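Trainee: Quick note, the sequences are listed as chains A and B, same order. For the first sequence, position 588 matches number 588 in my numbering, and the numbering has no gaps at all. If you count the second sequence from 1, you need to add 1000 to reach my numbering.
FYI, nobody ran anything at the bench for these hints, they're computed from the structure. Hints should not be assumed to be uniformly reliable.
[Claimed, not checked] Cut-off 25 Å, straight-line C-alpha distance, at most; resulting in silico cross-link-like pairs (PhoX-like, lysine-lysine): (1) A:Lys638 / A:Lys584; (2) B:Lys1072 / A:Lys341; (3) A:Lys388 / B:Lys1059; (4) A:Lys33 / B:Lys1012; (5) A:Lys341 / B:Lys1172; (6) A:Lys341 / B:Lys1005; (7) A:Lys403 / B:Lys1058; (8) B:Lys1172 / A:Lys284; (9) B:Lys1058 / A:Lys638; (10) B:Lys1172 / A:Lys554; (11) A:Lys506 / A:Lys543; (12) A:Lys506 / B:Lys1072; (13) B:Lys1172 / A:Lys595; (14) A:Lys403 / B:Lys1059; (15) A:Lys622 / B:Lys1058; (16) A:Lys638 / B:Lys1172.
[Unchecked claim] Rough simulated footprint, nothing fancy, chain B against chain A, three-plus residues with beta-carbon under 8 Å: (17) 55-64; (18) 275-283; (19) 335-341; (20) 409-419; (21) 612-620.
[To be verified] Across the chosen pairs, the derived CB separations fall in these ranges: (22) A:Pro137 / B:Asn1170: 31 to 39 Å; (23) B:Ile1178 / A:Ser55: 51 to 59 Å; (24) B:Phe1080 / A:Tyr431: 25 to 33 Å; (25) A:Glu117 / B:Ala1166: 38 to 46 Å; (26) B:His1154 / A:Glu117: 54 to 62 Å; (27) A:Asp458 / B:Tyr1176: 32 to 40 Å; (28) A:Tyr118 / B:Ile1178: 15 to 23 Å; (29) A:Asp458 / B:Val1271: 28 to 36 Å; (30) B:Gln1217 / A:Glu93: 22 to 30 Å.
No experiment lies behind these values; they were computed from the predicted model shown. Just so you know, even glycine gets a beta-carbon here, dropped at the ideal spot from N, CA and C.
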Amino acid sequence: MKKPMFVVFVFLFIFSLPCFAAMSKHIVDYRIKAKLTPEEKAVIGYEILTWLNNSDTPVSELQFHLYLNAFKNNRSTFLKERGGISRSIKPDEQNWGYNEIRKIKIKNGADLTTAVEYIQPDDGNKDDQTVMRVLLPEPVLPHKKIILEIEFYAKLPKVFARAGFENNFYMASQWFPKIGVLQEGKWNCHQYHSSSEFFADFGVYEVEITVPEEYVVGATGKRVKEIDNQDGTKTYIYYQEDIHDFAWTACPDFVEFHESYSLDDPPVKTEIILLIHRSHLKLKKRYLDSLKNGIEFYSQNYGAYPYPTITLVDPPLKAAGAGGMEYPTLFTTLGAWFFPKGLLIPEMVTIHEFGHGYWYGMVASNEFEEPWLDEGINSYSEIKAMAKYYGEDRSMLNLGPLKISDFTFQRARVIGSGRLDPILKKSWEFYSGGSYGLNSYSKAALSLLMLERYLGEDIMAMVMKTYFKRWKFKHPTTENFIEVAEDVSKQDLGWFFDQFWRSPDKLDYAIGRLRSTEVKEPEGIFEGQYKTDPKDKEKNVEKIYKNEVSIIRKGELVFPQDVLIIFENGEEIREKWDGKDRWKKFKYLRPYKLKSAQIDPENIMILDIDHMNNSRLMKPNKILPLKHALGLMLDFQKLLTWIGM
Amino acid sequence: MKILKSYGYGVKRAVLEPKMVFVLWLINILFSSVIFFLFSKYLTDALGNSPAAEGLLKKFDFNIFFELIIHKGGPLQMIFYAAMILACLFFLVSIFLNGGILSVLISSRRSSENQGEGRRFSRVFFQGAGHFFGRFFRLCIYSLILWIAVVLIHLLLNFALKPLTADGANEKLMFYLILIQVAVGAFFVFLVHMILDYACIKIVIEDSRSVFRSLFQMTGFVFRRFGKTLALYYLLIMTGAGLCVIHWLIQKSIQTSSLLPILVAFMVGQVFILSRSWLKISFQAAQLDYYSSTLEK
Ligand SMILES: [Zn+2]
Chain A
1 MKKPMFVVFV
11 FLFIFSLPCF
21 AAMSKHIVDY
31 RIKAKLTPEE
41 KAVIGYEILT
51 WLNNSDTPVS
61 ELQFHLYLNA
71 FKNNRSTFLK
81 ERGGISRSIK
91 PDEQNWGYNE
101 IRKIKIKNGA
111 DLTTAVEYIQ
121 PDDGNKDDQT
131 VMRVLLPEPV
141 LPHKKIILEI
151 EFYAKLPKVF
161 ARAGFENNFY
171 MASQWFPKIG
181 VLQEGKWNCH
191 QYHSSSEFFA
201 DFGVYEVEIT
211 VPEEYVVGAT
221 GKRVKEIDNQ
231 DGTKTYIYYQ
241 EDIHDFAWTA
251 CPDFVEFHES
261 YSLDDPPVKT
271 EIILLIHRSH
281 LKLKKRYLDS
291 LKNGIEFYSQ
301 NYGAYPYPTI
311 TLVDPPLKAA
321 GAGGMEYPTL
331 FTTLGAWFFP
341 KGLLIPEMVT
351 IHEFGHGYWY
361 GMVASNEFEE
371 PWLDEGINSY
381 SEIKAMAKYY
391 GEDRSMLNLG
401 PLKISDFTFQ
411 RARVIGSGRL
421 DPILKKSWEF
431 YSGGSYGLNS
441 YSKAALSLLM
451 LERYLGEDIM
461 AMVMKTYFKR
471 WKFKHPTTEN
481 FIEVAEDVSK
491 QDLGWFFDQF
501 WRSPDKLDYA
511 IGRLRSTEVK
521 EPEGIFEGQY
531 KTDPKDKEKN
541 VEKIYKNEVS
551 IIRKGELVFP
561 QDVLIIFENG
571 EEIREKWDGK
581 DRWKKFKYLR
591 PYKLKSAQID
601 PENIMILDID
611 HMNNSRLMKP
621 NKILPLKHAL
631 GLMLDFQKLL
641 TWIGM
Chain B
1001 MKILKSYGYG
1011 VKRAVLEPKM
1021 VFVLWLINIL
1031 FSSVIFFLFS
1041 KYLTDALGNS
1051 PAAEGLLKKF
1061 DFNIFFELII
1071 HKGGPLQMIF
1081 YAAMILACLF
1091 FLVSIFLNGG
1101 ILSVLISSRR
1111 SSENQGEGRR
1121 FSRVFFQGAG
1131 HFFGRFFRLC
1141 IYSLILWIAV
1151 VLIHLLLNFA
1161 LKPLTADGAN
1171 EKLMFYLILI
1181 QVAVGAFFVF
1191 LVHMILDYAC
1201 IKIVIEDSRS
1211 VFRSLFQMTG
1221 FVFRRFGKTL
1231 ALYYLLIMTG
1241 AGLCVIHWLI
1251 QKSIQTSSLL
1261 PILVAFMVGQ
1271 VFILSRSWLK
1281 ISFQAAQLDY
1291 YSSTLEK
């Protein structure tokens, strides 16, 4: 009885939301039953997957991600790349995680369980079982579907990277066998790497989650039904279309809040669901406000948030490894009871992870191969949103006189880096996790901010809006982004992207030298006559100075330069230079000396690694060193009074 | 009452020793001026010619701060090492000065009339400092036993409190427990410091060479009169805290973006350092008075 009624319900539900009708091409359709067994720290699952061969070639094998196998043993590619399991975790048997395929068969057809094999398309590491291949007895013909039934067991690891358990908290992410993406007749199904996220096709998910009744559950999509099983457990049913992954969480210590959110322009109507760990209840308002800010910012700047729900999950501090992660219509944030108001980590993480609903969730680029497309674009959006809502100069830290912006943090990371990788690289091919992070997040974000200053804010806003509109619910690549940027700006931007995205080199222009030397009148013997400089005798003769400003290109990268030159009498001159040579000199004869010179007065060159050398004074400022040296000396004196106590 | 009397004696005695306050300040500024010269040279080289740094005069800017650290961090590291070395040397010098301070205080107690203070001061001070330096240095080394005990107490406390927050679910409790541990740690640090003060006093009064015995006896002394010694010590600590607050309030009200206010702020800072020197002498004098009063019984 239950089942047909549910189908009717789902049917009615879908048709009550007409805007949902196929925003994306549905390649996959997952119907999953999942049962959490807290005593085993595992999920017992049954999955019916309908997969559409959307290509023009027959497909004779299927490839699946079994991401939890990354935590199966210390020989997995993920743990080898990361240098082992987190040191705070004891390698107990219960702390490892894995996916076990208990049965896989074609619906009403052959049992494929014995045909399962593990492959390692990225690194050939035979110990890695994060990609599974199944050979089919008959190929799936072009534009035809195959239906599979899979029984699986998902043993969750102790949380240290995204998925897992911590005490009574469970984060089930990358937990079910998920089919890869077929592109041009070939499988794109990468192994789980330490520095990589995910890639999958859009479709429909209906998931039934059964947990002990005291657990509070949150999941991707909308809860369409709740069943009390009368045996100490409850089943929650979730449904969502136009998504490419499904995650859920359960913990008896969550406190659940609901609030409806709407926006007039563009029209947005969604339900905010907060699952806040009971030890963080005082962060509720901070989470809620920042999420509302995020929805408003992204809707107004990129496109209306289209899903009926958005779920914020606040994990306990000990499960921080599960925090700060995005899934379709659900994300985990990060907070701690003792975070002061001026430390804006909960706000920043909330806005960032919500933002991934756009750059990953809807604009579903390949995070394995082009991580900057989601992390970089999202960090760019995050910096702008944080500046708008929390202050240009204090969007990260605002503790009394201590004010640091999100931008400042990201820039410090970039200019202090070793420049070993370009932005465009596969996520697992970076020199290190640090290099992956700084290029995919910070440098990519700063390059977009620099592009914005170069093109102008209005044009960049159009670029971003157009990119979202053109590529939502699809799988765009870097080339698609460049195409949009060039289309909208009507400029050839190849030189920009080639330099800042494809090369790890540095951008650094500097003022080389400022010189003002007095011009001597002709002196010496000219045509048999001896001449002296009249100024040596007559005081009233006006002095003339040869003023010289030199600009140096210290980095490999080339960027057109604007130069602002100011003389002692206040005269200002603007010069332009294509920036291609290694240096350029500007010379002026004036009856007064130079005061200062500055390159990039509009502050466009965000990626210039040294802003201090972009301007120079003719006469050094003496008060500044005095002030700070006296200040430091007094601090040292105070320290000595403690030592001498 | 005895405590208040000793406290009153201490602060008054320190007022009557302007030369000693001056000597402590002078040595402090001599050490610190090295940092001043190194840092002002560094800043002139790194920032002097940059108009971008002018904003730093008005308020601290992390953008510039990070650029400095990243591009010109090398010399800063050297300055940091220099500061470390200076701090270590100053520690030795302050062991030396302790002997001087106590010698002057004791000699002035013995000849209660202060005539001839001027000429006698430097002789008593520096002779005393030299005389007791070796013993106080040894005391420092023996005090490691007390410091190890403090560390053990800290570890024990940590071990005892850990199960309370093992599941990590109650972050509020976790936070307060850490605060309590810090407070307990500070209490024991001050306690050991106080014991060492009394040990120095005993060594100077008795001109004793048995440093270890003095340390041992004065540990007993402090624990026997726990409430009183502690009350006197914390009265002085509160005086110091009061000075810090006053200095902070004055410093906060000075906007230092031009030369004159910068110099005024510097002078205010020096008055504060002078007051800290005065407080150091007050500590010694008050505790000396209290210890002596227990001997009179
Ligand atoms: Zn991200």
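Trainee: Each hint: holds or not?
Mentor: Hint-by-hint comparison with the structure:
For the hint pairing Lys638 (chain A) with Lys584 (chain A), the CA-to-CA distance comes to about 49 Å; that exceeds 25 Å, so the pair is violated. Restraint check for Lys1072 (chain B) and Lys341 (chain A): the C-alpha separation of about 33 Å exceeds 25 Å, so the hint is violated. Of the pairs offered as hints, the one joining Lys388 (chain A) and Lys1059 (chain B) holds, with about 22 Å between alpha carbons and a cut-off of 25 Å not exceeded. Pair hint Lys33 (chain A) plus Lys1012 (chain B) does not hold up; C-alpha atoms about 82 Å apart against a cutoff of 25 Å.
Proximity of Lys341 (chain A) to Lys1172 (chain B) is assessed by CA-CA distance (about 15 Å); at most 25 Å being required, the pair is judged to hold. Between Lys341 (chain A) and Lys1005 (chain B) the CA atoms are separated by roughly 46 Å; this puts the pair beyond 25 Å, and the hint is violated. Between Lys403 (chain A) and Lys1058 (chain B), the direct Cα distance comes to roughly 14 Å. Compliance with the 25 Å bound is thereby established for this hinted pair. At most 25 Å may separate the alpha-carbon atoms for a hinted pair to count; Lys1172 (chain B) and Lys284 (chain A) meet this at roughly 15 Å.
Distance restraint check for Lys1058 (chain B) and Lys638 (chain A): the Cα-Cα separation of roughly 23 Å lies within the 25 Å cut-off, and the hinted pair is therefore satisfied. For the given pair, Lys1172 (chain B) sits about 52 Å from Lys554 (chain A) by alpha-carbon distance, which is inconsistent with the 25 Å threshold. Annotation: proposed proximity of Lys506 (chain A) to Lys543 (chain A) is violated, straight-line Cα distance about 42 Å (limit 25 Å). Of the pairs offered as hints, the one joining Lys506 (chain A) and Lys1072 (chain B) holds, with about 17 Å between alpha carbons and a cut-off of 25 Å not exceeded.
For the suggested pair Lys1172 (chain B) and Lys595 (chain A), the alpha carbons sit about 57 Å apart, so the restraint of at most 25 Å is broken. A C-alpha spacing of about 10 Å is found between Lys403 (chain A) and Lys1059 (chain B), which places the hinted pair at or below 25 Å, so the restraint holds. A distance of roughly 14 Å separates the Cα atoms of Lys622 (chain A) and Lys1058 (chain B); the hinted pair therefore holds under the 25 Å criterion. A distance of roughly 33 Å separates the Cα atoms of Lys638 (chain A) and Lys1172 (chain B); the hinted pair therefore is violated under the 25 Å criterion.
A stretch counts as covered by a chain when three or more of its residues have a beta carbon under 8 Å from one of that chain; for the region 55-64 of chain A and chain B the count is 0, and the coverage is violated. Only residues whose C-beta sits within less than 8 Å of a C-beta in chain B count toward coverage, and the region 275-283 of chain A has 4 of them, enough to reach three; the restraint holds. Look at the region 335-341 of chain A against chain B: 3 of its residues bring a Cβ nearer than 8 Å to a Cβ of that chain, three or more, so the hint holds. For a cut-off of 8 Å, the count of residues in the region 409-419 of chain A with a CB near a CB of chain B stands at 4, and the three-residue condition holds.
Counting residues of the region 612-620 of chain A whose beta carbon lies closer than 8 Å to any beta carbon of chain B gives 7, which meets the minimum of three for the stated coverage. About 56 Å separates the C-beta atoms of Pro137 (chain A) and Asn1170 (chain B), a value inconsistent with the hinted range of 31 to 39 Å. Separated by about 58 Å at the C-beta atoms, Ile1178 (chain B) and Ser55 (chain A) satisfy the suggested range of 51 to 59 Å. Distance hint check: the CB atoms of Phe1080 (chain B) and Tyr431 (chain A) are about 29 Å apart, consistent with the given range 25 to 33 Å.
Between Glu117 (chain A) and Ala1166 (chain B), the C-beta spacing of about 43 Å keeps the proposed range 38 to 46 Å intact. Between His1154 (chain B) and Glu117 (chain A) the beta carbons are some 55 Å apart, a value that agrees with the proposed interval 54 to 62 Å. Here the CB-CB span from Asp458 (chain A) to Tyr1176 (chain B) is close to 52 Å, at odds with the stated 32 to 40 Å. Remark: the range hint 15 to 23 Å for Tyr118 (chain A) to Ile1178 (chain B) is contradicted by a beta-carbon distance near 46 Å.
Separated by about 56 Å at the C-beta atoms, Asp458 (chain A) and Val1271 (chain B) break the suggested range of 28 to 36 Å. Under the hint 22 to 30 Å, the C-beta atoms of Gln1217 (chain B) and Glu93 (chain A), about 57 Å apart, miss the expected range.
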